[in-house]
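*Asks:* Listed below are the residues making up each chain.
Protein chains: 4
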Amino acid sequence: MKTPVGIIGFRGYSGAELIHILDRHPHLEPVLLEHREGEGAGPQVGKTPRKLAYSPEVVRENGLAAVLLATPPEVSMDLTGPILAAGAKVVDLSGAFRLGTVDRYKRWYKENHTQPELLAEAVYSVPEFHRNLVPGARLISNPGCYPTAANLALRPLLAAGAIDRRHGIVCDAKSGVSGAGRKPSLKTSFCEVTENFSVYSVLDHRHVPEVLETSGIDESEFSFTAQLLPVHRGILETIYFKASSDISTAQDLHQIYLRAYGEEPFLRIYPLGALPDLRAVSGKNYCDIGIKFDPGTKRTVVLSVIDNLVKGAAGQAIQNLNLALGLPETAGLL
Amino acid sequence: MKTPVGIIGFRGYSGAELIHILDRHPHLEPVLLEHREGEGAGPQVGKTPRKLAYSPEVVRENGLAAVLLATPPEVSMDLTGPILAAGAKVVDLSGAFRLGTVDRYKRWYKENHTQPELLAEAVYSVPEFHRNLVPGARLISNPGCYPTAANLALRPLLAAGAIDRRHGIVCDAKSGVSGAGRKPSLKTSFCEVTENFSVYSVLDHRHVPEVLETSGIDESEFSFTAQLLPVHRGILETIYFKASSDISTAQDLHQIYLRAYGEEPFLRIYPLGALPDLRAVSGKNYCDIGIKFDPGTKRTVVLSVIDNLVKGAAGQAIQNLNLALGLPETAGLL
Amino acid sequence: MKTPVGIIGFRGYSGAELIHILDRHPHLEPVLLEHREGEGAGPQVGKTPRKLAYSPEVVRENGLAAVLLATPPEVSMDLTGPILAAGAKVVDLSGAFRLGTVDRYKRWYKENHTQPELLAEAVYSVPEFHRNLVPGARLISNPGCYPTAANLALRPLLAAGAIDRRHGIVCDAKSGVSGAGRKPSLKTSFCEVTENFSVYSVLDHRHVPEVLETSGIDESEFSFTAQLLPVHRGILETIYFKASSDISTAQDLHQIYLRAYGEEPFLRIYPLGALPDLRAVSGKNYCDIGIKFDPGTKRTVVLSVIDNLVKGAAGQAIQNLNLALGLPETAGLL
Amino acid sequence: MKTPVGIIGFRGYSGAELIHILDRHPHLEPVLLEHREGEGAGPQVGKTPRKLAYSPEVVRENGLAAVLLATPPEVSMDLTGPILAAGAKVVDLSGAFRLGTVDRYKRWYKENHTQPELLAEAVYSVPEFHRNLVPGARLISNPGCYPTAANLALRPLLAAGAIDRRHGIVCDAKSGVSGAGRKPSLKTSFCEVTENFSVYSVLDHRHVPEVLETSGIDESEFSFTAQLLPVHRGILETIYFKASSDISTAQDLHQIYLRAYGEEPFLRIYPLGALPDLRAVSGKNYCDIGIKFDPGTKRTVVLSVIDNLVKGAAGQAIQNLNLALGLPETAGLL
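Protein chains in written order, with the working numbering: chain C, 1155 to 1488; chain D, 1155 to 1488; chain F, 1155 to 1488; chain P, 1155 to 1488.
It is possible that part of the hints are untrue.
A pair holds if it fits inside one copy or across any two, identical chains being indistinguishable in the list.
Using 30 Å as the maximum straight-line C-alpha spacing, the simulated DSSO-like pairs for lysine-lysine come out as follows [stated by the list, open to error]:
(1) Lys1156 <-> Lys1438
(2) Lys1205 <-> Lys1264
(3) Lys1452 <-> Lys1260
(4) Lys1156 <-> Lys1452
(5) Lys1337 <-> Lys1260
(6) Lys1341 <-> Lys1260
(7) Lys1156 <-> Lys1205
Just so you know, the hints here were simulated from the structure itself, not pulled from any lab data. Just so you know, these numbers come straight off a predicted model, no measurement behind them.
Extracted from the complex, chain C is given alone in its bound form (with noise of 0.2 Å):
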């Protein structure tokens, strides 16, 4: 007997894609709570999970032990407390919940936050990084998917002293157009996006403060490009900076690497000489990471790839869902 869980924002890319991961997943079963009206999705020709009205009732009376919100933060904001109220977890894949205080989700998502105390209480978790915060949490903020790419990337090295932080860290970023959300616009059109590669966020991203936030840099000392491929999923993120002194070859910093994830399930460190493409991490949870570092200049390019539907969202918040619930971190997800 499965444990049911919500989904509201079912419709979106990341929403499939949750149904996607629980439809295999061995404790939990999905329930669609259909919030608000959407374009429906093709024909159903195979079995489909349950799909119900949203109201907190309703999450109640069908003891759903938790509800996964693929929805915008301003809907977002609005649902999670009534959800709370009515006994199941909250995890969030919206930015609403990201950032440490109310003045910066002003500035950079230039509006009001309605919800400062649920803000206080959310648990941002990164599972790697922040996993034990997370059973005692009512209220799981899922990171962001450029992110989750750059803070695996960097924490290490940076709790380990290795990039000389006054030379700047370059992340130069990019995502397939699913990133985007699945309402049209010109901008993720077919005929724009194909055979065509464009910039849509130089330094002002409002990904950025996640990243300064849980890596601990300066704004000042982080230069972000978000860019889009003509690709269905996947982000790659190349990032350039000065090793620290302390590093004198390539094998110092795999090393650094190995140390911090040698027993994470979903982080692979690529064999010097490698490096992880887009396609390595197609559906899958993995965060790949490979290195290349030139050892008279120190110069260094560390490449760092991921999902951005899986673990930039719906597989990190089922990772973090595990977690809430109790089940092995990695269920439903290897």
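Given the coordinates of chain C, work out where chains D, F and P should sit on it, guided by the hints.
*Replies:* Below, chains D, F and P without anything else, positioned relative to chain C:
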């Protein structure tokens, strides 16, 4: 000193192609006529055509010899009368004036035709078939993309009695996404189209009656399917039929095409053994035709390929405009 | 304790798909058998299957219950005998053993068949039609990708007399590029394929006789064209025919399919009004079928869609392998 | 009467682009010089240029004013001497004559340079920087694609002292697949490239020394990564640096570019707030430049975009050829 011609609907894909062609036209100069607000194009960093707010007075005062309408049918119906009254010719790229009767328009376009007199006046022109009718016309109806490819392939064969019509004709048509226009929709979103292929109209596409009217075949003889290719532009139609008893060799079919099109500047009949692909006509006003014939069974396959935005829309429109204005038919198009 | 089965040709696209499926199979474990050197795959950063140098002794000593051959026909002909002699069953994914006679093989494959006795022994199996023949067989010939989609669509209709065969059957087939294999060639280079669509075989594809043999139709009745879609994977066939006088409504055709396939786990018959697309079956072992019928003229269009690497190759091979080894037919495939 | 110029290597992507441009050139006429057998292009159904078997005599007898070499470096080294001796100028599109010394050639191209005297004679020309050197030259070395975009972006800033070089310069470069040439390889196969994005050279690309030589920066200051976009054509470079203390506003950087390039026909400096994308330059000889600057921290991002086959190869070669032959620099290119 170039003759000014107006473009309404210049933000769409056909409109952009009209600008692109007219920018290099030796005798004509494009004037953009702003009619309804729409999503702007990117920043203008090069030379750009003159842009005016549309009104019939503006058409008259600026001495526009003609106006090209790259607008939806209902807009074309509204605009045509006043433009003609202002003294300019009209080349309409929509379906408004393509069918022979208001009843047929209503059946296939699911709306009433509001301008029956203009419909009666309009000259429908595939230049290769109707070029003699164009110079005297005020209102030229430019053919649809699918019918252009189909009619150019079928008409010579039908005229020569080369098709055994008892067995019917199958036209399996595939189009790039620009054929659906520039307005954002879920169906034309990158993530829905890439790595996909779908059928969007079977037997009931509104372009079917144009083929029937122009080629003189009956609906019961003609099976047409419209499908969406994950490419920006281009139409390829795979046409199947049984050849009539007069046809003994592939050479017989080849000769029919050469006799019909030997002097045509925009028709390229492939040597036997070679077949055109989408790329062969990309950005060009050609219609490329290839033939495969099985002598034993008389099964025949004809490929007809065009760029839907050029020979299927803007290129053919300029071809018609050249004829209407007494210019060389190929001006700006080779 | 899982049963080991060998894979030869594991570096190709079908081979990779075999590994992917067997990695999650509840009863079987893949063993890679290195037969000829080829270009290596990317760096192995996760778990990888056991890899051995191929020899018949290795097959015997490791107790392989079966060997899957994802090799060219001439290699399959060479390998099959020794593997059978070593006590393992063979499921061959090539065309080596698909046709009924060596003469037919020579006509369509343009080479002599070197193993007529094995050809006589081989059991060709689309499991939905031939599952009873598989358990007793040593050598199973896995169907071609195009014939799988065509036969699953056509056989029930032909058996029910639903097709007016005097007018012939048109099968307009489109395939993703992986159908051409992994060996580099100009025709499958990115720059040649992207934003293009081309026809590569008209009336003479080597998969045609498989359709004729399995569905019992005559070559003169069947017009088949194979075309290259700019996508990685998937086959969509648009099939045209006139329905026989027995068929009055689309519902009649729908019922024929439901009766034939109502219990089949991998066949999905779409409700009338809905049509499958390539994405619906991507990565899955389904064959999806949709119907469009015009009652007045009996023109009919049937869509049949599969993933060429799954139901068209590796998935169907595992389905056959499950049957051959007495396992549940769907094991590892849902 | 047009002046004939030869093309060797006309079957590659750069060669095809040379033909495409020369077909519309007002003063020059392409003559194809067959040098080595290669895979043929598709069927010729339109007009095609004259084709001759290459020999130095043929160059002389046909009065070719120049020969364009779209060949690998080692072929260019062999061919250049005899062509010059036959009285024609040479514009070489390969890397054979781009670097200043044979030692540097050996380090980056991993082969010995066989023509040191020609290397000494060759004039490397980005026309915007070196146009005065070209008219007197016999042998012009056409720049690499990546260095063209990088140098056009960097040189004016470096000359104006706008970059704080202590912090280094990062150039994150992305290229379409045609940059890898037309020879089939697994890395450029459709199935490997589509829905993928990969890094193929980090810090050690052979184009790096061209940037260093032309812009006068040191290798230790410059981090360059070359990445493969799933598109046919185009290069976008995202360039990161800290501006020097002289720069207070984005306007300051904008002015530097306008002063340097205000009169240049092929440089388009975007207004502040706008950024170029790949499509903006597709098929054109432009280099488009956009700027983003953060005044508080002086972090700066410059985008430089070209079509790798036009401004990055064939277009720039014709620009140089025009200069070499005393024709208007923009002839055939606008």
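*Asks:* Each of the hints needs a verdict: does it hold here or not?
*Replies:* Hints, one by one, checked against the model:
| no. | hint | verdict |
| --- | --- | --- |
| 1 | Lys1156 <-> Lys1438 | both (23 Å within a copy, 24 Å between copies) |
| 2 | Lys1205 <-> Lys1264 | neither (34 Å within a copy, 35 Å between copies) |
| 3 | Lys1452 <-> Lys1260 | between (38 Å within a copy, 24 Å between copies) |
| 4 | Lys1156 <-> Lys1452 | neither (52 Å within a copy, 49 Å between copies) |
| 5 | Lys1337 <-> Lys1260 | within (24 Å within a copy, 32 Å between copies) |
| 6 | Lys1341 <-> Lys1260 | within (25 Å within a copy, 34 Å between copies) |
| 7 | Lys1156 <-> Lys1205 | within (16 Å within a copy, 37 Å between copies) |
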